[in-house]
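Given the coordinates of chain A, work out where chains B and C should sit on it, guided by the hints.
Protein chains in written order, with the working numbering: chain A, 1 to 410; chain B, 1001 to 1298; chain C, 2001 to 2301.
If you are wondering where the hints come from, they were derived from the structure by calculation, not from laboratory data.
Any given hint could turn out to be false.
Said to hold, decoys possible - Derived DSS-like pairs: lysine-lysine, alpha-carbon spacing no greater than 30 angstroms straight-line:
#1 A:LYS39 with A:LYS146
#2 A:LYS203 with B:LYS1085
#3 A:LYS146 with A:LYS80
#4 A:LYS326 with A:LYS344
#5 A:LYS297 with A:LYS255
#6 A:LYS255 with A:LYS105
#7 B:LYS1085 with A:LYS229
#8 A:LYS194 with B:LYS1263
#9 A:LYS146 with A:LYS171
#10 A:LYS171 with A:LYS194
#11 A:LYS329 with A:LYS34
#12 A:LYS255 with B:LYS1085
To be verified - With the C-beta cut set under 8 angstroms, the calculated list includes, among others, these residues of chain A facing chain C:
#13 LEU118
#14 PRO122
#15 ALA293
#16 ASP296
Quick reminder that beta carbons are idealized off the backbone N, C-alpha and C, glycines included.
Below, each chain spelled out in residue letters.
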Amino acid sequence: MRDSRFEGWPAVAACLVAVFGLLYGCTETPTGKKYTEYKLGATHPRSGDQASVGDQQVFAIEVAVEEINAKGGVDGVPLKVIVEDNQGKPTMAVTALQKLITVDKVPLSFTSYSTAQLAQVPIADQNEVVMVNVGASSTELINAGKYIVHVQPNSASYLRISTNYMLTDLKRTGRWAILYVNEAMGRSFNLYVKTLLPKYGVKDIFEDNWENSAVTDYRSIIAKALAFKPDTFFIGGFGNDMGLCLKQLREAGFKGPVMLSWGGGTVSEPAGLAVVDTYYGEQVIPDNDRIKALSDKLLNVKKLPFVGTQSINSYDAVYMVAEAIKYAKDHYGPDYFTGPNLRKALVEKKDYATLSTPGVMDPATQYLSRQLAVKSWDAEGGKLKPPKTIKVYTPTEFDAAPAGDLQKKS
Amino acid sequence: MDLFLQLLADGLVRGSNIVLLALGFSLALGVSGVFHFAHGAIYTLAAYIVYQCYTRMGVSLPLSVIVAFAVCILVGTGVNQFLYKPLTARGTGRLLLVLVSLGALMIIQALISIIWGTNVLHFQPSEAVAPSAHIVLGPVVMTHVRLATLLICLGTFALFHYYFLRRTRYGVAMRALISDPTMARVVGVNQSWIITLTYVTASALAVPGALLIGWEEGFMPGSGFSLILYSFQAIVIGGLGSIPGTFAGGMLMGIVASLAHWKLGGQWETAVIFLVFLVFIIARPTGFFGYKVGKAEL
Amino acid sequence: MVDYLITVLTFVFIFGLAAMSFDLLLGYAGIISLAQASFVGLGAYSSALLTTRLGWDFIPAMLAGIVVATAFGAIIAVALLRLAGDYMMVGSLGFLFTIQAMLIGWEDVTRGTVGVPGIPFARIGGLVIRSPAAYLAMVVLICAVFYVVARRLVRSPYGRNLQAMRDDEIATVAVGKNLLGIKVSVFVVAAGMAAVSGSLYAHFVRFVDPYHYSLHDTFLLFCMVCLGGMATLTGPYLGALVLLGIPEAARFLGLPTGIMGHIQDIIYGTALILVAFLRPEGLLGKSPARTSTGGEPDHAR
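With the rest of the complex left out, here is chain A (with noise of 0.2 angstroms):
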């Protein structure tokens, strides 16, 4: 009945395993103090349907450190930036951060989309190590956590602009329709611009959202929309989600104007001609040579499509990130490579007039501040031209972070 080999052994090293781990937990192990290197960790989508934007930030990224170390790096150390995928998903952003700490002992990561952000402020604020955040906008980051700098403009700063295009300027104090994704960016927008509407005046407004960024068919979403008889629509999502929901827009009829959350490629490659009269908030672009040398080597070496704000804001990050350190030597002693003393350097620096696209650092929110514009298409023959700007708008204007207007989200 019984077999005679000893079946005890799983038992006998669970515990072996046990012990070890509580002997292991309670030393301490030593952290060096010379510095041959700076390491930073950083985590973006490198597969999944957001790698095409974690390809933005990470090229850039890496042609900012290139450019540092070519030159010496900060004082003498290079930098060396750890990537880790996050695959597009939450978990795995977690899991990617809690390991840049752990093993690699990163004071600092760059990071980039929503939700995995939200995931991963707690871990931030817990471990006291710096998140950089270079490409997302929900407004929920808006105070979400004291271990969160932000390079990429808040979404509430773009379509506070947006929104006050399109009823001063274009009018459209009618019905509006609210399309998104429901993810903590999209519901995010909604919620933002529901409470914008009703200042001025607009009364009437629906909503729906599709699931994910995966979702191809917006035709009900849209059925049930016009059956509201809207004016306007705002649609507000990650990008090729966008372009398709607008593209069926135009084919079930519709032909007023519409708002969208962001543009840009990931938009008009979807939809084509039905970007048109289509109208959204962005991050203006300088034209200096700074830019154009950082276009150059993303388009031709890195071989990106197209060059965006994403790009833009991870190579100014990473240039932040250096007079940060540089800052932190010079001011805080021979500990200056923590998180707590990052953190403190990037918010006393303030003044980031050096970066390609120069900016102010605002204590209050920890965000750096960027000049926004409206943005639309044209068509020519039945083509699409690039995107051009149609109004501009200057920082003080219309702040980075607006936290005034804002209540904080659960």
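Just chains B and C, lined up with the frame of chain A:
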């Protein structure tokens, strides 16, 4: 009422997309007894092959489609020949076979992702994409391609069920294997050969659907996976082993998916579909036209 | 490096526990259910929501998770276990999707697609388990406890009934055993264990979202069971070690990060196919995993 009609029309088109994928799946299941989930990946592959030939390499569209047929048939029969056949011969359990099929699906999907990336791709170059021409039938608006999808689905089903399965030698042999494999062998049907032909037919059936939906909405590596789950539910609701059942089940699923929006918000669509499926399973496991299922003796 | 290994080992044990619970159903009882990942999800969400929203401690939240999972387990067991093989499998799949849809759609409770961030470290009374090593120790202890429980169960008369039922249902009924009762009870036990695995996951990653409890995840658990050995209790842990270890080892090969996720899928798919061909009983298995006789393919009737 207008909204209801529009949703109904959209539901019929959705149903058509499901049916076009489900027909091949159902045929494979009925004749060989295998839940051929890998069929979803073959469906996706069709779109990518045409993309590669037509959009990337400038090959003419008809030739690209022929190449797609060839590749899909090759992969489909390959999966049967090298995976299902040897494993069934060894008496591998039902569940393991399902999971092997899912494994094949995942492998093909991963290869597609590595080769072409995970972005949503389209057949046409982006600067010239225009909203498709549409026709208006009363309160219902539908693009030409979607109308074509519906008609092609009806046509394919009719051709397949009323002609191929009833009037051709191979079709009749397939039906024989579906209803009673032992008897079929007794009357001289070469089971192994007919099963191979079944996979040829099923894989070929996957191509039109993939191209139609790819043209309208674009495609990505996961396109086939989500649709194969809906197809699976359609087949179960319709009755395992029944082709008309598959058609009815697929149309029903499409209509339910679309009509769910009538009263509920967008985020409830998947929940409604699965709930309907679950209710069906519990209340009538054999589906509309399926054979009687053996109840476990208690 | 050691910290990294600790993280990987913790995942191995957490998934191993879930896989072991799955093996109880598949390997010992011969019940073909695809819904196991749902129970992991129910445990994870119970822990996540009760600790973040109501401030519960680790153990009470985990127990609540077990209660929720066993409740759902009982319901679906009674609903579906009367059906024969194929239909049971299909029905369990429906259940899997429904639970996932519920986790996504019932936003007021589960926070929907956004998930539940900021799950606190496991708190037991006054003790907070922060260090990864201590957490691994706790996970291993809990797994050891359930291993012992499962082993006693499997070797008891109840366990013999299970295996008899797997091998020959009709004979089992013939000697007067209550088949439905046995099926429902093992289903419920497996559900409870899976829920514990979910709770352990929630307090480890400290974030849960609804996308990890679907067919893909049941598939992963199934691969672990199959690879490690059906109808063994240590096999699933070995399967977890292999299936989680290989992609982690591949990380060090220096492949471009873009394809890591896809390579993982290829590994899982290939591993399963290899197991089906070369060793259906798995690495540690004793009895073959065959449930039908060789020869002609069965039918979907």
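Results of checking the hints against the structure:
{"no.": "1", "hint": "A:LYS39 with A:LYS146", "in the structure": "holds, 21 angstroms"}
{"no.": "2", "hint": "A:LYS203 with B:LYS1085", "in the structure": "violated, 64 angstroms"}
{"no.": "3", "hint": "A:LYS146 with A:LYS80", "in the structure": "holds, 24 angstroms"}
{"no.": "4", "hint": "A:LYS326 with A:LYS344", "in the structure": "holds, 12 angstroms"}
{"no.": "5", "hint": "A:LYS297 with A:LYS255", "in the structure": "violated, 39 angstroms"}
{"no.": "6", "hint": "A:LYS255 with A:LYS105", "in the structure": "violated, 54 angstroms"}
{"no.": "7", "hint": "B:LYS1085 with A:LYS229", "in the structure": "violated, 57 angstroms"}
{"no.": "8", "hint": "A:LYS194 with B:LYS1263", "in the structure": "holds, 21 angstroms"}
{"no.": "9", "hint": "A:LYS146 with A:LYS171", "in the structure": "violated, 40 angstroms"}
{"no.": "10", "hint": "A:LYS171 with A:LYS194", "in the structure": "holds, 17 angstroms"}
{"no.": "11", "hint": "A:LYS329 with A:LYS34", "in the structure": "holds, 12 angstroms"}
{"no.": "12", "hint": "A:LYS255 with B:LYS1085", "in the structure": "violated, 55 angstroms"}
{"no.": "13", "hint": "LEU118", "in the structure": "holds, 6 angstroms"}
{"no.": "14", "hint": "PRO122", "in the structure": "holds, 4 angstroms"}
{"no.": "15", "hint": "ALA293", "in the structure": "violated, 25 angstroms"}
{"no.": "16", "hint": "ASP296", "in the structure": "violated, 23 angstroms"}
In this structure, the hints that do not hold are numbers 2, 5, 6, 7, 9, 12, 15, 16, in rising order.
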